[in-house]
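Visitor: Sequence:
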Amino acid sequence: LFYFPGILALIVIGGRYGFDAMMIREVSVNSPVGVPVWPLKMIIFFAGLGLFMAGTAEVCRCLVCIKTGSWPFRDQDVQELEEVLIETHSTKVEST
-7 LFYFPGILAL IVIGGRYGFD AMMIREVSVN SPVGVPVWPL KMIIFFAGLG LFMAGTAEVC
53 RCLVCIKTGS WPFRDQDVQE LEEVLIETHS TKVEST
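Take the sequence shown: its position 83, counted from the start at 1, is 75 in my numbering, and no numbers get skipped.
Heads up, a few of these hints could be off.
To be verified - EDC-like, lysine to aspartate or glutamate: derived pairs with alpha carbons at most 20 Å apart:
| no. | residue 1 | residue 2 |
| --- | --- | --- |
| 1 | K33 | E18 |
| 2 | K84 | E72 |
| 3 | K84 | E74 |
| 4 | K33 | D12 |
Said to hold, decoys possible - With beta-carbon atoms standing in for the labels, derived distance ranges:
| no. | residue 1 | residue 2 | range |
| --- | --- | --- | --- |
| 5 | H81 | G42 | 29 to 35 Å |
| 6 | S20 | F(-6) | 32 to 38 Å |
| 7 | G61 | S23 | 56 to 62 Å |
| 8 | G47 | E72 | 19 to 25 Å |
Just so you know, these hints were derived from the structure itself, not from any lab.
Model, not experiment: these values are computed from the prediction.
Glycine included, each C-beta is placed from N, C-alpha and C at the ideal position.
Please put together the full structure from these sequences, using the hints given.
Guide: Below you can see the structure in the form of structure tokens.
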């Protein structure tokens, strides 16, 4: 309910903030070298796009679940890191 309006606000406002900084090639005033900060501000916009795509994918999964009555399987290459570490550690212990 609140996810997509918040993400859209992040994309719109963050994009405006980042693009304004990019147009003036904003640099840090705290550094004598003048380190550019506009690329960091653009990350806000791109992070919002990534979150929007992830949310859209999850909504599609929910629609498939509503239609078929069961959740679609996640890809096999996507695993929890904890499970991978436990499996790797258990194979090392068994081999020694």
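Visitor: The structure should be examined with respect to each hint, and the outcome stated for every one.
Guide: Results for each hint:
For the given pair, K33 sits about 10 Å from E18 by alpha-carbon distance, which is consistent with the 20 Å threshold. With a C-alpha separation of about 19 Å, the suggested pairing of K84 with E72 holds against the 20 Å cut-off. For the suggested pair K84 and E74, the alpha carbons sit about 15 Å apart, so the restraint of at most 20 Å is met. A threshold of 20 Å between alpha carbons decides the hint, and for K33 with D12 the separation of about 9 Å falls inside it, so the pair holds.
Taken as a hint, the range 29 to 35 Å holds for the pair H81 and G42, whose Cβ atoms sit roughly 31 Å apart. Checked against the hint of 32 to 38 Å, the pair S20 and F(-6) passes, with Cβ atoms roughly 34 Å apart. The given range of 56 to 62 Å is respected by G61 and S23, whose C-beta atoms sit roughly 58 Å from each other. For the pair G47 and E72, the supplied restraint of 19 to 25 Å holds, since their beta-carbon distance comes to about 20 Å.
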